[in-house]
Amino acid sequence: MRKIKSVSDLERWKENILSREKQDEVVVSVCGGTGCHAYGCKKVRDRFAKIIRKNGELKEIRLRYTGCRGFCERGPIVTIQPQGIFYQRVQEKDVPLILSETVQRGKILDHLLYEDVITKRKVTSEKDIPFYKVQSRLVLGSNGMIEPTKIEDYIGIGGYQALSKAFFEMKPEQIIDEIKASGLRGRGGAGFLTGKKWEDCRKAPGELKYIICNCDEGDPGAYMDRSLLEGNPHSVLEGMIIGAYAISGSHGYIYVRHEYPLACKNAETAITQARKAGFLGKNILGSGFNFDVEIAKGGGAFVCGESTALIASIEGRVGEPRSKQVHTVTRGLWEKPTNLNNVETWANVPLIINKGSQWFSSIGTEKSKGTKIFSLVGKVKNTGLVEVPMGITLKEIIFDIGGGQQDGKRIKAVQTGGPSGGCIPASLFDLPVDFDSLTQVGSMMGSGGMIVMDEGTCMVDVAKYFVHFLQEESCGKCLPCREGLKRMGEILDRITEGKGDGESLSLLEELAEVVADTSLCGLGKTAPNPVLSALRYFRPEFEAHIHQKRCPAAVCTPLIQYSISESDCTGCGVCAKICPTQAIKGEKKQSHSILAEVCSKCGSCKDVCKADAVMVQ
Amino acid sequence: MDFEQVGKIIDRYKGKRTALISILHDIQDQYNHLPEETLRKVASRLQMDLNDIYGVATFYKSFSLVPKGKHSITLCLGTACHVRGGPKILREMKKQLSIEPGQTTADKQFSLNVVNCLGVCAIGPVMFVDGKFYGEMNTLKAKRIIEKINKNNKSKKRNGVKS
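Protein sequence lines, in the order shown, are assigned to chains A and B. The working numbering numbers the first residue of the first sequence as 1 and each following residue consecutively. The working numbering numbers the first residue of the second sequence as 1 and each following residue consecutively.
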């Protein structure tokens, strides 16, 4: 690879790459996202590679191992171009058949097609699947078209064109104006205006400035940043380089969670390739501008998603936040001006530069522009990553894309915004999804986790879960967060154990207020949100635990009883075998029963019962 | 134990303080935990106070000062996994291995860890065993994974393979 030094160099490289692609070329793409990995996509890809290598007739096929395609629940996913055939739940044994039937004879394999949950019709192409139909995959869509470790693939789809436009056709101030005009707001959670942040950082006094990409993604239930950095690392890098040029930053860091090894690896590869191509390093594209990026690994601390804690972590210190009286754009990494944006924010930048702020701001609502990627997970049929224009309703996301309830239980809420957000009840599902609407109802956009909850989810348990989560992740620096969350957790523990009393809820609310008002950083300030929103919308559930000593969702173990329905039990004995406390008695082929005093309420019996005879109340 | 590798790891990061967390990760990968001797070496090479290194090593959850088991079992208890029954899997694992999260079995075979999100939320509950993800877990599947590892260990022993 030789260094790209001008616009024409880049154009020539792109043409060269495209000229090598033949018309009507068969491209078999196997999704290599982490979800598909769990279902065995590597075996599928290896089998494809092996057969293609051995069979001369198939050697023209291009095999592509892409990043996450979003529909993780149906993995491993294989698509075949140019026909656009979408196969799901593909196993290693299906590979020879796909090659001989679909690729060579053009025959569609029915058993690998997606079946529409409502119409029960088989769907052949990706664009007709309801899960994808409602989405507008502006940022995430490229994941399916490229192999993340090949810079040529990215160049082929127009990669680094925005960089060349920014460097040769725009002045740094113009870039900032363009980002400001686009209305892009930070995708990491708080939703601060990106252009404004860049401007503040550019204006901050100092020669040396830092650019940081936050891929700490600690919010449980959210994984879009992972999929972007794993699946299209160059788009993130390109955004960072443009940002650095606009702000006049000289060095960048991508802070990645240690739990995301593939994201680290692919980002590292992309950095090396970008250096070789002349997009990073000294005299980028012959412009005289110098900028380089390196990876900094996290250590598994949720608080490091907070900007000042993240900076402390990069400096090699304990990840404790500091007071933000002086913002990081003025004094950040090593006391120098630092501009920090989230992965998804950076990935949006090349799009805006390429297509213009007007185009970008035409998508979304008045104050929330563009698209947002959500991880739609929990008790919903179609789980995965979805990218939708801002302003779409929760109902459209959960029912049209998500396909509604998962196993017969009515959906009652959706949790957004991670541990800083809240639970939104089903009665508010007509709410448009944008930064301000979600905040108004007591939740927040957050980084984009959307965890669907149904009647089998106990909201007291969820509130307790988040408080314990945050208590554990609190860095311990300030007292309200460290001690307040602990006490809130104790109150919630007592309620779920049936030991709550008339004062529990008022005490909980009072503590929540103090923690929110007096904590040092965002973690503590927003920590009471899950509890307060649960109390606001699901107070009767709390009251049932306290006054009737009953858990309506049958989750809190001290308040529930397991039993076996005599009429449904087939006497297979599987439950008795798995029961850890030997609490299930019964003769083979006779109805079984549970000894309440021995039962540890682990629920194993319910999990294994094929006749659905185990009842819980 | 031979700690020669530590110097090489620090060299790889050009002895930069910023790389402390990455250096500790690499040491942990090499020795399965962070032995005291290695932390002392890091302190002297990076010219940092040992207390600060100890602070970092104990603040971040990825690090362990005690040796971990041969097989690492990481259970995700992120929100998506939690609402889909993650806590039940944890109860089953605790029962199977007779240890609490963060502990290692007496025979040094298994370490049980609980994390707040593995980022594979669409197919929860998720378990990460020896570098492999297992999705849509239930108590039975979890039990079988442990049984399979135990069976493999036994047959390796029988065949004279050093475990």
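Do not rely on the hints blindly, as some may be mistaken.
Stretch-level coverage of chain A by chain B, calculated; a stretch enters the list once three of its residues show a Cβ under 8 angstroms from a Cβ in chain B [said to hold, decoys possible]:
(1) 8-15
(2) 30-41
(3) 119-132
(4) 457-471
(5) 505-519
(6) 601-609
Derived by calculation from the structure, the hints in this document are not laboratory data. Even for Gly, the Cβ is constructed at its ideal location relative to N, Cα and C.
**Study point:** Indices of hints not satisfied (ascending)
**Key:** 1, 3, 5
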